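Peer 1: What follows is each chain in one-letter form.
Protein chains: 2
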Amino acid sequence: MSRQLHFNLFLHDTGHHEASWRLPGSDPHANLSLAAHQHLARVAEDAKFDSVFLADSPVLWSDPGRRPAGKLEPTLLLAALAVSTSRIGLIATASTSYNEPFNLARRFASLDHLSGGRAGWNIVTTAGDAAARNFGLQDQPLHRTRYERADEFLQVSTKLWDSWADDAIVADRTSGVHARSELVRAINHSGEFFRVDGALNVPRSPQAYPLLVQAGSSADGRGFAAKWAEAVFTAQPTLAESQEFYADIKRRAAEAGRDPDHVVVLPGIVPVIGATAAEARELDAELDRLIAPQYAVATLAHTLRVDPERLRLDEPLPDDLPSEDEIEGAKSRRTLIVDWARRDHLTVRQLIGKLGGGRGHRTFAGTPVQVADTIQHYFENGAADGFNIMPAVLPSGIEKFAGEVVPILQERGLFRTEYRGTTLREHYGLPRPAHRFVREGALA
Amino acid sequence: MSRQLHFNLFLHDTGHHEASWRLPGSDPHANLSLAAHQHLARVAEDAKFDSVFLADSPVLWSDPGRRPAGKLEPTLLLAALAVSTSRIGLIATASTSYNEPFNLARRFASLDHLSGGRAGWNIVTTAGDAAARNFGLQDQPLHRTRYERADEFLQVSTKLWDSWADDAIVADRTSGVHARSELVRAINHSGEFFRVDGALNVPRSPQAYPLLVQAGSSADGRGFAAKWAEAVFTAQPTLAESQEFYADIKRRAAEAGRDPDHVVVLPGIVPVIGATAAEARELDAELDRLIAPQYAVATLAHTLRVDPERLRLDEPLPDDLPSEDEIEGAKSRRTLIVDWARRDHLTVRQLIGKLGGGRGHRTFAGTPVQVADTIQHYFENGAADGFNIMPAVLPSGIEKFAGEVVPILQERGLFRTEYRGTTLREHYGLPRPAHRFVREGALA
Ligand SMILES: Cc1cc2nc3c(=O)[nH]c(=O)nc-3n(C[C@H](O)[C@H](O)[C@H](O)COP(=O)(O)O)c2cc1C
Ligand SMILES: Cc1cc2nc3c(=O)[nH]c(=O)nc-3n(C[C@H](O)[C@H](O)[C@H](O)COP(=O)(O)O)c2cc1C
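Going down the list, the protein sequences come from chains A and B. Per full-length UniProt numbering, the very first residue in the first sequence carries number 1; after that it's consecutive. Per full-length UniProt numbering, the very first residue in the second sequence carries number 1; after that it's consecutive.
Treat each hint with caution, since some may be false.
Within a straight-line C-alpha distance of at most 20 Å, the following computed SDA-like cross-link-like pairs (lysine to any residue) qualify [claimed, not checked]:
id : chain 1 : residue 1 : chain 2 : residue 2
1  : B       : Lys354    : A       : Glu282
2  : A       : Lys400    : A       : Glu282
3  : A       : Lys354    : B       : Lys354
4  : A       : Lys354    : A       : Gln294
5  : A       : Lys227    : A       : Arg144
6  : A       : Lys48     : A       : Thr85
Just so you know, the hints here were simulated from the structure itself, not pulled from any lab data. Just so it is clear, the structure is predicted and the values come from calculations on it, not from any experiment.
Looking at chain A on its own, in the form it has when it is part of the complex (with noise of 0.2 Å):
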């Protein structure tokens, strides 16, 4: 069979568009609906996608006035999505920065036993001081210290998810033995942020591991990407980025000494999906119109790391900005941000209204054969393994996409009919991980 693509569905309440939520016919508290949230995963199980996936940070995000701005906790939510479905993957966002190894290593544990191996890890290391004050802490700790962290947060995790063997539970009734004790196993991890002597309180899970996902861009990020995910979402607004991201992925994990096909890469796009070209064109510019000014520009000023006031709709971008180096946040965000900007000499209202839609993500508007070319472009023109789908508006949006655009790239071969595994791993084309035991030849 030939090469197929991957489809992960970004599940964002009301869609991606920060107006969303305003549109006639929306559900203003889809954000806190179990029933809508189940109604996404089912139409994109339907579809055969591969994946969904929730967005998070342990910090209130957004101004609530602006948008739905409360988010049910991930591993919680799709612990009960695992019971409305039965074939997609469901993959949590959690911090490395803000979380213990111990406890979140087991919470992704349950979740693939849970969901019969479909659970997945979107790894994050949190940018933001506001995230840091409901920690304990006064600043968030340096962007390099988070990904040092978030390495040694990796190999615990590992450790834990391999402290019982396979076959450890033989649960013998007649010589009243469980578990072949020895085959469970304390880590005994000791190293500059943890020390965890574990085993952990959860038997090997169908998957051995959650899929590991990662949504880091910067250098740091990158680095750990090709270090430890199987798969990983990014933001390219254009075709010649995503190549260069692409292929610079690739090229870091095999310097790491992993097969470059064992890290998918999807980069994220918001498909406006029309009759014709004009309708595509004409929904998104009345997004585009919803949005509320006042709240963007103190967001982009944030991010930006400038006084609001400098910021002026009709105007560019000031040319004293600071640096990427200056950030200790969302370093590639910023500096894409900026280069977008600059690149097509756009005012701070044309920039807003371009980040309230896709926020960085490529938007495909068109009609339905118009996206899945682009689709297929990009998959064959070394841009993309498959992608994220971020819907500027949900549930329509998907609707579109699963009932106009994936018959056409099932129809061309691209993309299954059916799926052929059970697990996440299975479905993304990954191999199980081998476990430490026994590639470490202690049970050999």
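Fit chain B with the ligands to the given chain A structure using the hints.
Peer 2: For chain B with the ligands alone, coordinates are given in the frame of chain A:
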């Protein structure tokens, strides 16, 4: 309507008896099985139980050789069960010693949203050095310190659950205002253990706070319960001890300025039901024969802080055991065990038999009418507001209790035949917490 009984089902895979997994027909993988838990919760819901409950500790609790030791993380498992049930309450145990308040308060608020107001939190401080060693510590914090942290943890959590007013969300499409920002407030908590800015990123949930449940029986534990708990689990081996405990908790609650009726006392019982009293006793004895003594001695020695070599199966406990004051772990459990062994002149083997079944909880063995009579007797004689039902063997133990004991109590007008409310607090007859802004008159 006359005063009504309340029932909670302790979800314990194959049953509370440590050898229950060895019985023919048991599912020795039930601890990791969503389906097994769904079945138990549905049986309890069909019988109109108030709630189901999951115990927990962030450590591999028992020797994995001895009985099923893996435990799915309770908040995730209950999020899944929220989808599989519609009315019954869902109580998860979580530790105040090894969590961050922002993360945990958020998980419980999320569970309450996902379940439509059915979340409960069994607040524990987690005894034992082994758990501490999964979180960077060498030894557990002192017993008193753990309860001090628990108290501040609850202060932070309740502030976070109050950080959104009930009517903060307006979702006004026309003006583009989703929430009234002035009704979403930072908490700016700064105390001995925690600094948390807030606000929470989850709006106020159906119940406002999860039902607050507690299970510590030491003096510090009872003081904490009197201040915070709305329901109390407890292990009391005799009627007299149950009465003493019941009176003490109600008195302490009144002293703390609370309505004693707003603290529901639920002793644990292990019902062993037979068609005849003799059959019930025989079932009880069979289970005890299946206990593997080498493991049980090790656990007992650990709880009593004594060298396992000093415990002889056919002799009484040694005289010179460490006192409760010398123990930083589960103080009240140590005392319960020692008092029981001395009072009833038990050998180590006999003690292990009793602990293996009820682990300090009262075993009620008999016919359905005898079990119902004992329940009624406790309920009407100042010993209980209801019970934490901990069947020795599952699912059969709850199927029998639901099918044979519950109808008798319903017939006698002591237990509901239909749910009246929709939230867990409504089941227990408890009021929804008023909002802090309102209590403080800030919005008056
Ligand atoms: C599709 C996508 C989803 C992301 N989701 C999250 C998220 O849920 N939480 C988060 O803290 N960061 C998220 N990020 C941001 C990155 O994970 C990363 O934290 C940020 O880019 C800063 O890291 P960097 O400086 O390495 O780029 C996301 C990025 C992308 C492209
Ligand atoms: C029915 C019942 C259930 C309990 N469940 C837990 C539990 O799940 N996790 C835990 O750490 N302790 C649990 N405990 C123990 C108490 O919460 C408490 O931690 C222990 O008794 C030590 O506190 P104390 O010294 O105040 O008694 C439970 C106790 C009872 C009676």
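Peer 1: Hint by hint, note whether the structure agrees.
Peer 2: Going through the hints against the structure:
Between the alpha carbons of B/Lys354 and A/Glu282 the distance comes to roughly 74 Å, so the proposed pair goes past 20 Å and is violated. Annotation: proposed proximity of A/Lys400 to A/Glu282 holds, straight-line Cα distance about 16 Å (limit 20 Å). Between A/Lys354 and B/Lys354 the alpha-carbon distance is near 69 Å, which puts this suggested pair outside the 20 Å criterion. Proximity of A/Lys354 to A/Gln294 is assessed by CA-CA distance (about 15 Å); at most 20 Å being required, the pair is judged to hold.
Of the supplied pair hints, the one linking A/Lys227 and A/Arg144 holds, its CA atoms being roughly 16 Å apart against a limit of 20 Å. Distance check on the hinted pair: A/Lys48 and A/Thr85 sit about 12 Å apart at the alpha-carbon level, within 20 Å; holds.
Going through the hint list in order, the structure does not satisfy hints 1, 3.
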